[in-house]
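> Take a look at the letters that make up each chain.
There are 2 protein chains.
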Amino acid sequence: MHIGLLHPGEMGVSIGRALDENGHTVLCCGVGRSTVTQDRARTFQNCRTLEELAMQACGIISVCPPAAALAQAQMIRNCGFSGLYVDANAVAPSTALKIQSLFKQQYVDGGIIGPPATKRGTTRLYLSGVQSGAVAQWFAQGPLEAIDLGADLINAASALKMAYAAYTKGSSALLLAVNTLAEKSGVRDHLLAEWAISQPGLAARSEKAALGTSRKAWRFVGEMQEIARTFAEQSLPDDFHLGAAEIYRRMDSLKNSPPSDIHKVMACLIADDDKQEHN
Amino acid sequence: MHIGLLHPGEMGVSIGRALDENGHTVLCCGVGRSTVTQDRARTFQNCRTLEELAMQACGIISVCPPAAALAQAQMIRNCGFSGLYVDANAVAPSTALKIQSLFKQQYVDGGIIGPPATKRGTTRLYLSGVQSGAVAQWFAQGPLEAIDLGADLINAASALKMAYAAYTKGSSALLLAVNTLAEKSGVRDHLLAEWAISQPGLAARSEKAALGTSRKAWRFVGEMQEIARTFAEQSLPDDFHLGAAEIYRRMDSLKNSPPSDIHKVMACLIADDDKQEHN
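Residue numbers (numbering that gives the first Met the number 0), protein chains in the order written: chain A, 0 to 278; chain B, 0 to 278.
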């Protein structure tokens, strides 16, 4: 099968390779993308325009920043695409429903949990919708495990992704914020000493949260906003993830550095405070 | 020594017993307190008025809801008390400074970490201030371990307590909120299945958070507000703990029930949503 991939970022490339391992031809379109993404797209079959891609593909999978997911889907719809459209992005279930309304029965909701997949067992692509079983078959073997949640709840995959990331990325942001609060208050050594007694593991988790999020924080901001929206739409407090969005926003300058340790992350969160105060 | 205890709630009683084990006479004052607290006060030496207590005690330790800490201190100040005043409450460092201004050099800041102390090793009373060493001596032996942080930072004990509780109680509230989001979105079974693969321990931690917080949630609300204030005063996002305050507020009806499991807590968080929607 010819399957379109929008777009081959780090995660997207791993999905493209998984499709490749399953014998599919992966179509990309580098138009308007960064040089890095265009280079990655060369691994796959390049289309000159989105229209060409939409014409040749019988299925399309969208892997892009959450804020771009709906516009991406609309562009594809405007190309007259009539195949299966999989939105695998970290979007609120209500955003998923908006995309579903463009493709009706041809829409499959997706949610990726885990890092870019290199070996089976690390990463799962959850799928829901009328044709989720068909999409799961695209990934029958290889590094990415597709899990079919069925059609009972059209946007189950997005709801699951939101709830999952709400705790993992939310608690990491909270932990970075707490370390920074203790540092700025002059009591972080005391906090680490108390954690060593009663919360063993939190100091190590703080280090891991810093190293693991610092380069990706810039793109977590939109995801935290989608999660906040998900909470609000279920009449639950959205505050946690508005706070997490602010923590990750302050870290966006770490994007192009090597992974930053907790001291660099704290300095960055504090420096941003100072910047705000002086403005 | 005669030491005043304001007031013998669950935590206060354990502190009174620790003072008792160190050979001190513990003074209480039941005036205006609940019957339960008055009963507890009978374990110790009862004073008819706060003035009488302030006259007889050479030290006073305050263990009360954070919102009452400053008013409590002012009442004692108005009694003309001139001994050591220890505020051991979960208050923002700025609140600690306000109390310090009432007692100057006689003020010792405190922060309790751990459950009501029954055996040594579970619970620590952190102390800071000019005379923190003297107060630590009140607890030289027995179930409560006093840790003297010295006088470098007058309100270090409160700052430490805020940072510590910010993660423990903040992440518990987040976890309860995430479970409820998944439940209300119809994907909690899927979330538990994914957690079993990639976040082992989170399902058990959810159960534990429900059982452990349900009866105490009502009094965590004020503590979350003090923590939010602490973040704001350090130019860090206060949103996490405004969200946590709202979660614990919705749980206040569980105060007088036996510890509630995660299903009861989720039902309570959802029922409160419905109530708000219908208002």
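Since the hints were derived computationally from the structure, they do not count as laboratory data. Just so you know, not all the hints are guaranteed correct.
To be verified - Which bits of chain B does chain A cover? Going by a derived footprint, with three or more residues having C-beta under 8 Å, they are:
#: 1; segment: 158 to 165
#: 2; segment: 211 to 224
What the hints assert, rightly or not - SDA-like, lysine to any residue: derived pairs with alpha carbons at most 20 Å apart:
#: 3; chain 1: B; residue 1: K207; chain 2: A; residue 2: K207
#: 4; chain 1: A; residue 1: K207; chain 2: B; residue 2: P199
#: 5; chain 1: B; residue 1: K207; chain 2: A; residue 2: Q198
#: 6; chain 1: A; residue 1: K118; chain 2: B; residue 2: K207
Stated by the list, open to error - If you want a taste of the chain A side facing chain B, the calculated C-beta under 8 Å gives, among others:
#: 7; residue: P92
#: 8; residue: L96
#: 9; residue: A155
#: 10; residue: L159
#: 11; residue: T229
#: 12; residue: D238
Backbone N, C-alpha and C define an ideal beta-carbon position, used for all residues, glycine too.
> Run every hint past the structure and note whether it holds.
So, going through the hints one by one against the coordinates:
{"no.": "1", "hint": "158 to 165", "result": "holds (count 6)"}
{"no.": "2", "hint": "211 to 224", "result": "violated (count 0)"}
{"no.": "3", "hint": "B/K207 / A/K207", "result": "violated (24 Å)"}
{"no.": "4", "hint": "A/K207 / B/P199", "result": "holds (17 Å)"}
{"no.": "5", "hint": "B/K207 / A/Q198", "result": "holds (15 Å)"}
{"no.": "6", "hint": "A/K118 / B/K207", "result": "violated (34 Å)"}
{"no.": "7", "hint": "P92", "result": "holds (6 Å)"}
{"no.": "8", "hint": "L96", "result": "violated (12 Å)"}
{"no.": "9", "hint": "A155", "result": "holds (5 Å)"}
{"no.": "10", "hint": "L159", "result": "holds (5 Å)"}
{"no.": "11", "hint": "T229", "result": "holds (7 Å)"}
{"no.": "12", "hint": "D238", "result": "holds (3 Å)"}
In the structure shown, a violation is registered for the earlier hints numbered 2, 3, 6, 8, in ascending order.
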